[in-house]
Each structure stands twice: as C-alpha cells, then as structure tokens.
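Q: Chain by chain, the residues run as shown.
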Amino acid sequence: MSDSRANSYWKANIRLVLSLLSVWFFISFGCGILFVDALDTIRFGGFKLGFWIAQQGSIFVFVALILIYIRAMDKLDSKYDLDASAEGAKPAQEESQ
Amino acid sequence: MSVQVWTYLFVFLSFSLYIGIAIWSRAGSTKEFYIAGGGVTPLANGMATAADWMSAASFISMAGLISFLGRDGTFYLMGWTGGYVLLALLLAPYLRKFGKFTVPDFIGDRYYSQTARLIAVFCAISVSFVYVCGQMQGAGIVFSRFLEVDFTTGVLIGMAIVFFYAVLGGMKGITYTQVAQYCVLIFAFMVPAIFISIMMTGQPIPQIGFGSELTEAYGGGYLLDRLDGLSEQLGFATYTEGQRSTQDVFFITAALMFGTAGLPHVIIRFFTVPSVRDARKSAGYALVFIAILYTTAPAVAAFARTNLINTVSNAEYAAVPEWFSKWEDTGLITFDDKNNDGIIQYVGDPETNELNVNRDIMVLANPEIAELPAWVIALVVAGALAAALSTAAGLLLVISTSIAHDMLKRTFMPDITEKQELACARGSIFVAVLIAGYYGINAPAYVAQVVAFAFGLAAASFFPAIVLGIFQKRMNKEGAIAGMVVGFTFTAAYIIYFKIINPAADSADNWFFGISPEGIGSLGTLANLVVALTIAKFTPAPPAAVQEIVENIRLPGEPTPR
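Line by line, the protein sequences give chains A and B.
Going by this note's numbering, the letters in the first sequence line up with residues 1 to 97, in that order.
Going by this note's numbering, the letters in the second sequence line up with residues 1 to 562, in that order.
Here chain A stands alone, though its shape is the one from the complex:
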C-alpha cells in the first residue's frame, strides 16, 4: 500500500475513533457524573434519568459504540482493500520465537 493511501486510511480511522470517544466521554463522564443531578429531575418509569444513565444506560451505549466501530472499520478496511489480507494474514510471530 502506498504511503499516501496508508495515510488517508489512518486519518479516517482517527476521525472515527475520536468521534466515538467523544460520545463515550459525553455519556459516561458527562451525563453519568457531571450532569447527573440535573438529569435526575427527569423521570421515566421508576427511574431518575441521570441515575439510570449512570447505572445502566451508559453500558448499553458502550456496547453500541463498539458494535458501530466494528462495522465502520470493516467498511473502511474493504474500501482500502485491507480486508482480504486481514483475514488470512499471520503477524510475524513465527520467526521471533
């Protein structure tokens, strides 16, 4: 793979990771900790919203983030023709033993 293609693959990867991590931060540290008291004024069913995000909602979001990441990276890999080799390639651990 040429350097410029490798470069743009890496940039796309970083963009994806950063956007997912900002959601991660906003939900966990933002909604779950910093704004939890404000969100607690909203209720649904037997839950206060802030409490629910802190104890359950955030975990569902984490799962969703990783699943989105897996799909997006698979797409990115096939766009850059990295998926075929990704399946079969063995990293260089044989010769280092």
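Please keep in mind that the hints were generated in silico from the structure rather than gathered at the bench.
All values derive from a computational prediction rather than experimental measurement.
Yeah, the Cβ is synthetic: ideal placement off N, Cα and C, and Gly gets one too.
Treat the hints loosely; a few may be bogus.
List of simulated lysine-lysine pairs, DSS-like, C-alpha gap at most 27 Å [claimed, not checked]:
no., chain 1, residue 1, chain 2, residue 2
1, A, LYS79, A, LYS11
2, B, LYS473, A, LYS75
3, B, LYS473, A, LYS11
4, B, LYS419, B, LYS31
5, B, LYS537, B, LYS473
6, A, LYS79, B, LYS537
7, A, LYS11, A, LYS75
8, A, LYS11, B, LYS537
9, B, LYS326, B, LYS338
Short, incomplete list of chain B residues facing chain A, as computed with Cβ under 10 Å [unchecked claim]:
no., residue
10, ILE66
11, PRO93
12, LEU287
13, PHE430
14, VAL431
15, LEU555
16, PRO556
A few chain B residues that don't get close to chain A, going by computed Cβ distances all over 12 Å [claimed, not checked]:
no., residue
17, THR296
18, TYR439
19, ALA527
Given chain A, work out where chain B should sit, using these hints.
A: Just chain B, lined up with the frame of chain A:
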C-alpha cells in the same frame, strides 16, 4: 436435598468440567502455552475474555458494594465497562497486528529497550499479584461459608484447582476453561436475579424490574422510590443520590476505565485470535457478554438492599433465619445488641446501629435472604468460584509469561530451548500460586477494593505507554520509560501511604484535590502522559526501524517486516 448437598454437587460437577477441559487442551508448545496457538475464534475469545475479566470482584463484591454505595457505586459499573471502549478502539486491533505474546514484548520492542521491557515486566507482575490476591480471597470466602471449611483451607483448595489447569494447559487450557466458566457464572448470576425480579416486581427481566413497581406483597410503589424511602427512614444515605464528591467519582471512574484498558491479562487475550478483524470482533463480543452481568448487577444491588432491610430491620434476633446465623459464624455478619432489647436495630447512625454486614456477602446471601430454592443458592456458589478461578488463572498466566518469556527468554537467557522455557513458565506459575495464596489469606480491604488498586497501577503504567506507542510515532524510549516510572511510583506511593503507612489520614481532607486512593490512578495516568510527552520532546526520535513498526501496526493485514 439441602443447600450443602447441592453445593457439593455443583462445585464438584463444575470443577470436573474444568479439569476435563484442561486435560483435553493441554499445551505442547510455548505458542500454545502463551497464546493458545493463536487460533481462538472471536466468539470463544469474547466469552473467555468476559470470564477472565469478570472476577470475584464483579461477581461477588460489586453488586454488594453498589447496594451499600447507592448511586456512588456507579464508578464500578461505568469504569469496568467503559474501559472496553478504550480497549477496543485504541489497543486491541493494533496489539493483535503487532503479534507476539505479551505486553512487555510490545513495550520492549516498540521502545527498543531492555530497560523498558523489564519495567513492563515489573509492572505486569505487580499488577497481576495485587489482583490475584483479591481472587484468592474471594474463593476463600465462598469456600468457608458454603462448604463450611475454614477460610485458609478454602484458599488452598482454590489454589490447587487453578494451579492444576493453568500449569497443564497454559493459555490454551485457560481459554477453553474460561469459556465454560463464563457459561457457569452468567447462568449463576442471572437465575437468582430473574427469580428475585419476578418475586419482587413480577417482571422477569431484572434490568426492567429495577425500574418497575413492587408487587403488593412488597408494599407496591416503584422499587427505587421504596428503597430511597426506607433508607431515609433508617437514616442511611438516599440510595439514588450521590454522597461522594463529583470529582472523586469522576477520577475513580477514569482510573477504572484506563486500568481496564491497561490490564495485561485482558490485553493478552487479544493475541489469541487469528486476525486484526477478529480482535475487534472479540472485543465487541466480550463487552456484550460482560454487559449482561453489569446491567443486571445494579438491579441485584437494589433488590438485595431492599430485601435485607425488610428482613432484618426491627426483626427479633432470636427468630432470625438460618442464613443469618451461618454468616455470623464466619464473622461476616455481626450483631451487637447495644440496647439489649433482643431486636435488630439496623440504622444509619453508627452510635445506635447494631448490625454490620460485610458487603462481599450480599450476592451470596441474596438468594437465601429471598428464600430461593436450595439449588439456586448452590448455583451461585459454583458461579462465584468460576468467576474467581477464571480470573486467577488468567493473571497467573501473565505472571508466568512475564517471568519465563520476557525475563528469561527475551532478556537474561536468550539461549534456553523451548522445552526449558515451557518448564520455567510452569514453574513460575507454581511459585506465583503460593505467593498469591499467602496474600489471599492475609490481604487488606474488601475484594473489590484490593482489585481497584490493581487498576490504578495498570492505568498509570501501561495504558499511556501503549497508546502513545501506537498513536505517537515520535514517542521514544526515554519518554516512555520516564512516564511509566513516574506514573507507577506516584500511584503506588499514594495508595501505600493512605492504605498502609498512615490509614488514619485516609479521608477527603487529606487527599490530593479530593481524590481518594481508588481514583488516584487517573492522576497517575495523566502524570505518565505529561512526563512522557515532555521528555520525548527533548530527546532523540526513535530509530527508523521502530517508526516503521508503528506504521505497520496501524494497518491491518500485511505482516510486520523484520
């Protein structure tokens, strides 16, 4: 059949299963011993990672801690799951691409330095030791209560079992036993949770029961409102409100997240799958499997707390149920009838409170408190042991690979044959089991707290060094070494000062910026990052070959050129 008989039956069956798997999958080469031959499917690896990850702390202690901490317990829930996002996005795929066997392998090669490798070995061993002690302690609690052997004997039995299959199968044996252990532990955690949820709210899904109304028998109204009401009435802190300072909760959560992503026994699991793509996938599977338990735990915490208060508050001591007296025998529940009225006053005020309940017993006692059938109680015991043993095995493997592979093969004795290396790996597990058992018997603090320290140390040493190694091509050995040393030393010193040297000073007034020892790892991580980046700026760039490795691990597929 009595609880005792069921317990022996389940424990015997599950242990035979693990031993059977260990014999079937014993390792013949170092590659099998260290990374299970590198051919584990993402689904199996996801389950194994989940079992590896969910320790005695997650299974036994966490829901109990949450039921006493209320909303503050959030840091365990978010911290121990949110770290997987970091692990999946920032570490797992790249470390898989890098290949090799261990975390010190990566640190040593990426930072082209034996010093860096040895520091990583030291950090990996200390983190794993702290962590494995918590597991042994957990196994000891379970054995002493349910098989009615004494605590020390309990720890010894746990040690013997782990030793057997870790030594025989290495990573290969551990991986497949962990798959079985995941199934046992998740079943054991969910069954009582579902039972209790149906009983208390009529809702079979505990995650939903958590926010539902109680049945008539329990007095109606939403569970959480009821719990808040009960807590206030007895002078405890309101369950759904926080007591700790926001910054402390923030920093503890961060320390647990960075620690999760930096724990060597979790990271090495991603070396066992065939490709980068599989590494990503198995991180996803792992979090899904973990989330099943982690979203149930807060519900279990609330159910258990409500039930405990309902059962013991203002109950007559002479008429307490059998489980109460049995836990009293282990010293984990204590009752001191201060006003001699023969009635249990369980209240928030320490002056008049007469009951002390060890938090570690809540999950184990919960099915008994709710009067579930005997087999459910026995199932929980088997689950708790599965959780403790699977994690202990993973940790012992890290210790043994660090010694046999990183220290001997890669540093001091590069000429040893594979057979000798394998023998060393097995020998070091033996020594590690003995030391872990000793500290398991003589350990400080609650299981989950002991474990929280391991996280702080992992966060402050590995996490920044690995992330910078992947995302900062310019990061050199001087920066990485200084960062790891500063991060680790700072975190360890802070914890040792407040927990061992001067425990009397362990209160919010004396803490740095109000950050408790449990949360200091995040400050250590920050210190590591700042020191590493600053020093790297003023020292020479890494050699071209190393920069090439970095470029290479960023792309899936093509093998690393050597």
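Q: Under the constraints set out in the numbered hints, which ones does this structure not fulfil?
A: 6, 13, 14, 17
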